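Q: Spelled out, the chains give:
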Amino acid sequence: MLGFLAKRIALAIVTLFILSLIVFFAAQVLPGDPAREVLGPLAAKSAVQALDKQLGTNRPVIDQYGTWLGHIVTGNFGTSTQYQSAIGPILGKALVNSLKLAALAFVIVVPLGILGGVVAALRYGTRVDRVISVFGLSATVIPEVVSGIILIAVFGLWLNILPVQATGGSGFGGTIYHLILPAIPLVLILFGYIQQMARAGTIEALNSDYARTATLKGLPRRTVIWRHILRNSLLPTITVIASQTGYLIGGLVLVEELFRWNGIGSLLYNAATKKDFPMLEAGVLVIGAAYMIVTLLADVLYSLLNPRIRVAAVE
Amino acid sequence: MSISSVPVESSAALGAAQGAPDLRREFLRSLVRQPAFMVGSAIILFWIISAIFGSLFAGNPYAQNLLSINKGPSGAHWFGTDQLGRDMFARVIVGSRDVLIIAPLATLLGTVCGTILGLFMGYLRGLFDDVVGRIVEAFLALPLVVTGILGVIALGGSNLTLIIVIGIVFTPLIARTVRAAVLGEQDLDYVAAARLRGESSLYIMFAEILPNVLAPIMVEFTVRVGYAVFTIVTLSFLGFGLQPPSPNWGADISTNYTLITTGYWWESLFDALAIATLVIGINMFATSVESALDAS
Numbered sequence: 012m013l014g015f016l017a018k019r020i021a022l023a024i025v026t027l028f029i030l031s032l033i034v035f036f037a038a039q040v041l042p043g044d045p046a047r048e049v050l051g052p053l054a055a056k057s058a059v060q061a062l063d064k065q066l067g068t069n070r071p072v073i074d075q076y077g078t079w080l081g082h083i084v085t086g087n088f089g090t091s092t093q094y095q096s097a098i099g100p101i102l103g104k105a106l107v108n109s110l111k112l113a114a115l116a117f118v119i120v121v122p123l124g125i126l127g128g129v130v131a132a133l134r135y136g137t138r139v140d141r142v143i144s145v146f147g148l149s150a151t152v153i154p155e156v157v158s159g160i161i162l163i164a165v166f167g168l169w170l171n172i173l174p175v176q177a178t179g180g181s182g183f184g185g186t187i188y189h190l191i192l193p194a195i196p197l198v199l200i201l202f203g204y205i206q207q208m209a210r211a212g213t214i215e216a217l218n219s220d221y222a223r224t225a226t227l228k229g230l231p232r233r234t235v236i237w238r239h240i241l242r243n244s245l246l247p248t249i250t251v252i253a254s255q256t257g258y259l260i261g262g263l264v265l266v267e268e269l270f271r272w273n274g275i276g277s278l279l280y281n282a283a284t285k286k287d288f289p290m291l292e293a294g295v296l297v298i299g300a301a302y303m304i305v306t307l308l309a310d311v312l313y314s315l316l317n318p319r320i321r322v323a324a325v326e
Numbered sequence: 010m011s012i013s014s015v016p017v018e019s020s021a022a023l024g025a026a027q028g029a030p031d032l033r034r035e036f037l038r039s040l041v042r043q044p045a046f047m048v049g050s051a052i053i054l055f056w057i058i059s060a061i062f063g064s065l066f067a068g069n070p071y072a073q074n075l076l077s078i079n080k081g082p083s084g085a086h087w088f089g090t091d092q093l094g095r096d097m098f099a100r101v102i103v104g105s106r107d108v109l110i111i112a113p114l115a116t117l118l119g120t121v122c123g124t125i126l127g128l129f130m131g132y133l134r135g136l137f138d139d140v141v142g143r144i145v146e147a148f149l150a151l152p153l154v155v156t157g158i159l160g161v162i163a164l165g166g167s168n169l170t171l172i173i174v175i176g177i178v179f180t181p182l183i184a185r186t187v188r189a190a191v192l193g194e195q196d197l198d199y200v201a202a203a204r205l206r207g208e209s210s211l212y213i214m215f216a217e218i219l220p221n222v223l224a225p226i227m228v229e230f231t232v233r234v235g236y237a238v239f240t241i242v243t244l245s246f247l248g249f250g251l252q253p254p255s256p257n258w259g260a261d262i263s264t265n266y267t268l269i270t271t272g273y274w275w276e277s278l279f280d281a282l283a284i285a286t287l288v289i290g291i292n293m294f295a296t297s298v299e300s301a302l303d304a305s
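In order, the protein sequences belong to chains A and B. Just so you know, my numbering puts 286 at position 275 of the first sequence, and the rest follows in order with no gaps. Just so you know, my numbering puts 210 at position 201 of the second sequence, and the rest follows in order with no gaps.
If we strip away everything but chain A, and leave its shape as in the complex, we get (with noise of 0.2 Å):
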């Protein structure tokens, strides 16, 4: 187990170090000059210089990359060229309102997709499986744009019954109240992956020897799915949910500007649109690393529950 962890976690260090050069070289490198894209191309040529001074932009691209690694690691993120302000608190700050939008989205939609993946499963073949089915995977293909305006439409403007507005709510009834509206487009995109997912690992328990040995001994049938079967079909599902979470954190630009909440999402988009490039390299590397966790929290878990993978990693 613990070579199994080790493994894992230099092979995500390796690829956060990849990630890295990436996220270096796409915003530092491409776009040319940083400074005449911050100051405009009407800024005097000794402001630029002196801007390319105080990024660090005049220097040789290996050792730009050097000090900025260097800083990173120790965990100095550098100055917002927005904000004129220390990067590590607006992001630390972005990322809890981004963590509680998420932690809503996925408190509706981990029991509701399995439920539905189950239900499907158990229903197999019947009209209800092909509704839910079909449901689900068109959920998934919607982006949250569309289905956002769709929500703002009926919820915000026809009902009127749920803000529209993320911000503003206050407590924590309050706050979820709030974020009710933002999180059902995050909802419906990740239902399909986990309903699909929950419904083939059901289905495959289902066909499974030791659910029929579990029949054929007299189990009752409610006693034979609890015990026997959704053990064993919900293990994929762990691993769907946790890979999904890159995803999330994509859907988080667009869900949190749609409905204005300043998480991470809208801080990256906002680094983008206004050319905040050691914000931008700072978030979207945190996103990586953040993505890197969540999957290796998932494989252990995984491994932790599934003895047959743990006994392969030990060998």
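Calculated from the structure, these hints are not laboratory results. This structure is a prediction, so every number in the text was calculated from the model and none was measured. In this text, a Cβ means the ideal position worked out from N, Cα and C, and glycines have one as well.
If you anchor each label on the Cβ, the simulated ranges turn out as follows:
1. 136/A x 195/B: 31 to 39 Å
2. 170/A x 302/B: 42 to 50 Å
3. 36/B x 146/A: 21 to 29 Å
4. 86/A x 94/B: 48 to 56 Å
Chain B is nowhere near these chain A residues, computed Cβ spacing over 10 Å in every case:
5. 219
6. 220
7. 237
8. 250
9. 310
10. 316
Over the 10 Å line for every Cβ pair with chain B, so calculated as not near, a few chain A residues:
11. 137
12. 223
13. 311
With the hints as your guide, set chain B onto chain A.
A: The following block gives chain B in isolation, referenced to the frame of chain A:
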């Protein structure tokens, strides 16, 4: 069990012996038998016709009429008018053009690059696979939209940028699928036979293995076109795609959506519904291609 499986097996063997045309006919037959395929194709066809001939039957999407701005849906303007008095019906219909040009081209780019990369990764394995595999992992750790934003920043916003960016984003995704398919083929007899004949690695990859992994590549392509539409809409909503005044679903929603709560819902809702029909149509098409391939 074993008795019933014999005729099935022999007929499959027969089909293989008679060659590809038979399989293709079987594939097409199971395709048209699915209602999802017919509905999906009809929707896609509708939008293709709109993209090409839209301005002929829907009118001019650019014509402003400042005397009738923000008018609701009526007989004269089926989908109402926007803040500049432009006909929303014309804008929604003609707005399909960009999406329908960018999505297939971007997906094609990603599929070609991803297939080549996946073939090399799966066939060569070893160090090449490890190194490229890490880079692919790094790309996949980023959400599509974030990679898209990075790409648009690096290359500047235009239709060509969208094609390149989405192509780049899809490459690792498709490479992963192709790699897995190639790994499954690798140990089969025909690959060993080709090796023993002394064929070059390139010949084995592209002439022997590639035709056998075309099915998953085709499925991947059709599914990805849907995601390409998804990404185009998202990036153009965020302002990274085509610039106004061109009719564009994502950009139009971005300009008009804040007006929904003031009552002008038609200025963005019809764009949203248009996108929804297109992605659902593509999705129906893709899933029926997938199940027809499974069946034949």
